[in-house]
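Let's have the full structure, built from the sequences with the hints guiding it.
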Amino acid sequence: MGVLACSSGQEQSVQIQSEADLSGHRVATTAGTCYDIDLSQRKDLELHRFNNNADALQSLLNGVTDVLVEDETVFNSQIRKEYGIKIAFKGTQSFPTAFMFQKGDAALAQACTATQNRMIEDGSMARIKAYWVGEKYADEEHFSHIPEETEGTPIRVAAATATAPISFLVESDWYGLEMDILRELSRDLHRPLDIKYYDPASAILALKSGLVDVVSGGVFITPEREQEFLFSEPYHAFHSAFFVVDTEASRDSGGVLQALKKSIRRNLLTEKRWVYIVQGLWETLKISFLAILLGSVLGVGLYAMARSRRKWVRSAASLYNGFIAGIPELVLLLILFYVVFAGSGLPPDLVAVVSFALCFASGASDIYATSLDAIPYGQTEGGLALGFTHRQTFFHIVFPQALRRGLPLYKAQCVSILKGTSIVGYIAIQDLTRAGDIIRSRTFDALVPLLLVTIIYFLLVWLIGLLLKLAMPSKKVL
Amino acid sequence: MITVSHLSKTYYDPDGKSLQVLKDVNCEIHPGEVISIIGPSGTGKSTFLRALNLLDPPTGGSIIVDGEDILKKGYPVHKLRQKMGMVFQNFNLFDHMTVLENVMFAPCKIRKVSLEEAREEGMALLRKVGLAEKADVYPATLSGGQKQRVAIARCLAMKPEVILFDEPTSALDPTMVGEVLSVIRQLAGEGMTMLIVTHEMKFARDVSTRIFFMYEGVIHEDGPAQQVFEAPRRSATKAFVQRIRKEVFEVEGRDFDFLGMHTRINRFCIKYNIAEKRATADRLCDIMLQDIMADCLPMTVRITFSELSGETFLDFMVEGMERSPLQADGVNPASLETVRSLCKEIVEEPTTRGYRVKLKI
Numbered sequence: 000m001g002v003l004a005c006s007s008g009q010e011q012s013v014q015i016q017s018e019a020d021l022s023g024h025r026v027a028t029t030a031g032t033c034y035d036i037d038l039s040q041r042k043d044l045e046l047h048r049f050n051n052n053a054d055a056l057q058s059l060l061n062g063v064t065d066v067l068v069e070d071e072t073v074f075n076s077q078i079r080k081e082y083g084i085k086i087a088f089k090g091t092q093s094f095p096t097a098f099m100f101q102k103g104d105a106a107l108a109q110a111c112t113a114t115q116n117r118m119i120e121d122g123s124m125a126r127i128k129a130y131w132v133g134e135k136y137a138d139e140e141h142f143s144h145i146p147e148e149t150e151g152t153p154i155r156v157a158a159a160t161a162t163a164p165i166s167f168l169v170e171s172d173w174y175g176l177e178m179d180i181l182r183e184l185s186r187d188l189h190r191p192l193d194i195k196y197y198d199p200a201s202a203i204l205a206l207k208s209g210l211v212d213v214v215s216g217g218v219f220i221t222p223e224r225e226q227e228f229l230f231s232e233p234y235h236a237f238h239s240a241f242f243v244v245d246t247e248a249s250r251d252s253g254g255v256l257q258a259l260k261k262s263i264r265r266n267l268l269t270e271k272r273w274v275y276i277v278q279g280l281w282e283t284l285k286i287s288f289l290a291i292l293l294g295s296v297l298g299v300g301l302y303a304m305a306r307s308r309r310k311w312v313r314s315a316a317s318l319y320n321g322f323i324a325g326i327p328e329l330v331l332l333l334i335l336f337y338v339v340f341a342g343s344g345l346p347p348d349l350v351a352v353v354s355f356a357l358c359f360a361s362g363a364s365d366i367y368a369t370s371l372d373a374i375p376y377g378q379t380e381g382g383l384a385l386g387f388t389h390r391q392t393f394f395h396i397v398f399p400q401a402l403r404r405g406l407p408l409y410k411a412q413c414v415s416i417l418k419g420t421s422i423v424g425y426i427a428i429q430d431l432t433r434a435g436d437i438i439r440s441r442t443f444d445a446l447v448p449l450l451l452v453t454i455i456y457f458l459l460v461w462l463i464g465l466l467l468k469l470a471m472p473s474k475k476v477l
Numbered sequence: 000m001i002t003v004s005h006l007s008k009t010y011y012d013p014d015g016k017s018l019q020v021l022k023d024v025n026c027e028i029h030p031g032e033v034i035s036i037i038g039p040s041g042t043g044k045s046t047f048l049r050a051l052n053l054l055d056p057p058t059g060g061s062i063i064v065d066g067e068d069i070l071k072k073g074y075p076v077h078k079l080r081q082k083m084g085m086v087f088q089n090f091n092l093f094d095h096m097t098v099l100e101n102v103m104f105a106p107c108k109i110r111k112v113s114l115e116e117a118r119e120e121g122m123a124l125l126r127k128v129g130l131a132e133k134a135d136v137y138p139a140t141l142s143g144g145q146k147q148r149v150a151i152a153r154c155l156a157m158k159p160e161v162i163l164f165d166e167p168t169s170a171l172d173p174t175m176v177g178e179v180l181s182v183i184r185q186l187a188g189e190g191m192t193m194l195i196v197t198h199e200m201k202f203a204r205d206v207s208t209r210i211f212f213m214y215e216g217v218i219h220e221d222g223p224a225q226q227v228f229e230a231p232r233r234s235a236t237k238a239f240v241q242r243i244r245k246e247v248f249e250v251e252g253r254d255f256d257f258l259g260m261h262t263r264i265n266r267f268c269i270k271y272n273i274a275e276k277r278a279t280a281d282r283l284c285d286i287m288l289q290d291i292m293a294d295c296l297p298m299t300v301r302i303t304f305s306e307l308s309g310e311t312f313l314d315f316m317v318e319g320m321e322r323s324p325l326q327a328d329g330v331n332p333a334s335l336e337t338v339r340s341l342c343k344e345i346v347e348e349p350t351t352r353g354y355r356v357k358l359k360i
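Chains as they are written, first to last, in numbering that gives the first Met the number 0: chain Y, 0 to 477; chain C, 0 to 360.
It should be emphasised that the hints constitute simulated quantities derived from the structure, not laboratory data. Quick caveat, the model's predicted, so the values are computed rather than measured. Please note that the accuracy of each hint is not assured.
Below are the DSSO-like pairs computed for lysine-lysine, each with C-alpha atoms no more than 27 Å apart in a straight line [unchecked claim]:
hint, chain 1, residue 1, chain 2, residue 2
1, C, LYS111, Y, LYS474
2, C, LYS108, Y, LYS475
3, Y, LYS474, C, LYS108
4, C, LYS237, C, LYS357
5, Y, LYS475, C, LYS111
6, Y, LYS475, C, LYS158
7, C, LYS133, Y, LYS474
8, C, LYS343, C, LYS237
9, Y, LYS475, C, LYS133
10, C, LYS16, Y, LYS310
11, C, LYS127, Y, LYS475
12, C, LYS201, C, LYS245
Given below as C-alpha cells:
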C-alpha cells in the first residue's frame, strides 16, 4: 500500500515501504536512542534529532519531517489514532536493550543480571513483558505496583526517557517495563530507588561523573558504550517502527472548543498532570528567588572588588565578569553539575542556584556600578557637609537616587534569570519547562502544555515587575 | 574660634607622583569675621577651605576648633560639619528632593526637629533667600542662581556657626551672580562668620573684614580688605589685585631666539589690546638687548600689563649686579637718549638677587 507523505505545503507522492525507501527523506528521531545511532550511519537520508519523541512526533505532524522512527510500542494504537499516524513498515533490525552501569560497578551490573534471570525463571519477566510490550498493553490502564524498599543506600537511577511503555511518570511515580525490573532489583538488594528524569545525553554524563548508578530508558548496547560502561544482560530486543502521517485517517473534528477542552483534560486532568506544573512552578520560583538573592549579595562583593584600590583585585573582578559574559549559562550549569560539584553530593537544585547566582552576581555588580556611579560625588559631599555620617549619606541620599536608576535594570536581570532557569532540566530538575516536557512526553501534545507554560512565565515576569514597583522608593522623602 | 597652624596637603598619584597643594598655612579665625580668600587658580584656596571641614583631610599641621583638635583620631567629624556649613560651587542640592525638602531634610534627620517645625523654619529660610514660591519644585527646574540660594538656605537650616563658601558664584551665568552675592552680603550684615573663596574682587573688597591672599600653597598676605586691595605689601599680591598679565623670557646668551621673542611680545600686545605699543616694545627690546645691556647676559626680560591700571612695563632683570646697568661705563649716551624718549618712565631698582630696570611704555 502506498503512503502519501505531505511536506510543508507541496504534495509529494512517495512510497516508503522499507528501509531502502528512506533514502532522500527527512527522518525524525530522538537524539541518543538506538535508532538515532543506527540511522546515523546512513548518509543518504536527512536525520533530524529531537530532544524527546513528543517533539519528533510534532515535526512529523507539521510536515517538517517525512518519517518518524521510534519503538513500535511507544506510539500504540490509541496514540496513532489520536494523532492520525500509522506504521509505514517495521524495522528489520532488533536492538538488544539493557541497563547501563559505571565501569567500576560490576557488582550492581551482575546483581541486575541476576534479578533479570530470576524473573525469567519465575515467569515474572514474561508476565510484565506481556503486560507492557505485548498485545494487551493499553496506556490508560492502571499499572501493577511493587512495594518499594525505603531503607538503605538508594540505587540512583537516571531515567533517560519518560515515555510509555519503558519508563514514564504517572502522578509523580515511575512506571513501565524497566521500572518494574528495577523495582525487582531494589527488592532483591534491599535498596530503595532514587529515580530522576534526564534527557539521554545528560543521563550518560551523569553516569560518567558518578551522579547516578544506573541509566535506564531503553539503552541500546553499542560497542562504544561497552568500552566506557558496563551493561546488564539485555532484557529485551526492541524493534523499530517507521511512522508516517495517515492521510486516510479521519481526524475527529468536534470543533476548536471541543478539541481544546479535550486537550486540557488530557494534558492537565488525566493522571493529575497539573501537579507537574505546580511542582515545576515551585521549583522555578525557588531556584530563581534564591539565585537572585544570593547573586545580589555576591554582586555587592564583586562591585566592591571592582572599586578596590588594589589593581589585582580589580583585575580579578573584571576577569570574572569577562568569564561569565563569555560562557553560556547552560554550559556553566553543566560544568558545575557534571564536573565541579560532581562528587560533592550537592543536590541539583542547589547547584542550579549557585550557577545562576554566579551569573546574576556579574550582572548585578554591573547594575550597582551603573546606578551608583551615576550619582555625582557632589551628592555625597552635600550630605557630608551638612553633618551626615558616611553611612547616613549613603542610605539617605545616594542609595534612594541609585535605586531609582537601578531598579529597571535589576528587573530586567531578574526576568532574564527567571527565564534562564528553564534549562535546569538538563541537570534533572523538574522545573516549569520540564513539567511541560514531561506532560508532552505522555500526551505528545505540543500546544496546551507549551501554551500553559508560556502563560505562567508571562505571569511570573509580570509579578516580578509588580514586586519591584513596590520596592521603588516613594517620591516623598520625609 | 579656629586656629590653623602649619597646615599642609599633598596629593599622591597612584603612580607615586606627588603634588603639594598646601605648604604651610597658618591663621586664626575669630567669630564674626568675613574672610575672603583670593589668589590665582591652583594655589590651594579651595583645598584650604575643604581641609577646614575635612572634606579633603590635610596631610600635616593642626586645626583647632573651639579648643578641640579636629585632626585627632576619633574626632566626630560629622558633629564638626553640623556647626561648620559649606556652600559649593556646584550647589550639590539633592536632586531627588523638592526645594523645601532639601532645606528640611538635615534638620529632621540630624537635629531631630519635628516635621512641622522644620517646615516652618524651612519656609522662613526660603523666604529669606527669596524662594518661598519655589518650595515644592525640584532643583532641576531652577536657575543656577536660584539653586545656589536654596543651597545657602539648606546650609543655614543647620544653624551653623561658620559657613564656608567654595567659589559660590563661579558656576553661575554672570547675570545671576548678583542675586547670590546679595544673599551672602545680607548674612555678613547679620554677623555670620564666613570664609569665602571667590574671584569676585569687588564683592570681596566690599563685604570682607579680612582678606587672605593665597599664593603657592601659603597665605601670602593676610590683612584688612582695604589694605590688601589698595596697598598690597607683597608684589605677588599686587600683581594679582591689579590683575597684571605677563610674559617672561629667559635670555641665556647670544644664541637666544630674539626673533621668536619679538613674535611673542607682539602676540602679547595683541591679546591684551595694546597693539599700539608693539613697535615701541620691539624697539626698546632691540636697544636694550643688542646695545645697552648686551654685556649683561644672562638676564630675564618680562613684559607686564595691568588690566586694572592699563600700565605696561618692560622689565630687564640681571642677577648679581650691584648697580644699574644704565649707569655702567661704556653705555652709549645716544642709545640711552633714545630709550628715554621712547618710554614714559624709567625705574632702576635693586632686587633681592640683583638689579632691575623697568621701562614704562
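Each hint, compared with the structure:
Annotation: proposed proximity of LYS111 of chain C to LYS474 of chain Y holds, straight-line Cα distance about 21 Å (limit 27 Å). With a C-alpha separation of about 14 Å, the suggested pairing of LYS108 of chain C with LYS475 of chain Y holds against the 27 Å cut-off. Under the criterion of a C-alpha separation no larger than 27 Å, the hint pairing LYS474 of chain Y with LYS108 of chain C is consistent with the structure, at around 17 Å. Only pairs whose Cα atoms come within 27 Å are accepted, and LYS237 of chain C paired with LYS357 of chain C is accepted, the gap being roughly 16 Å.
As the CA atoms of LYS475 of chain Y and LYS111 of chain C are separated by approximately 18 Å, the hinted pair is consistent with the 27 Å bound. With a CA separation close to 24 Å, the supplied pair LYS475 of chain Y and LYS158 of chain C stays within the 27 Å bound. Under the criterion of a C-alpha separation no larger than 27 Å, the hint pairing LYS133 of chain C with LYS474 of chain Y is consistent with the structure, at around 17 Å. Distance check on the hinted pair: LYS343 of chain C and LYS237 of chain C sit about 21 Å apart at the alpha-carbon level, within 27 Å; holds.
In summary, the hint linking LYS475 of chain Y to LYS133 of chain C is supported, as the alpha carbons are separated by about 17 Å, within the 27 Å threshold. Restraint check: the Cα-Cα separation between LYS16 of chain C and LYS310 of chain Y comes to about 17 Å, which is no more than 27 Å; the hinted pair holds. Between LYS127 of chain C and LYS475 of chain Y the CA atoms are separated by roughly 25 Å; this keeps the pair inside 27 Å, and the hint holds. Restraint check: the Cα-Cα separation between LYS201 of chain C and LYS245 of chain C comes to about 22 Å, which is no more than 27 Å; the hinted pair holds.
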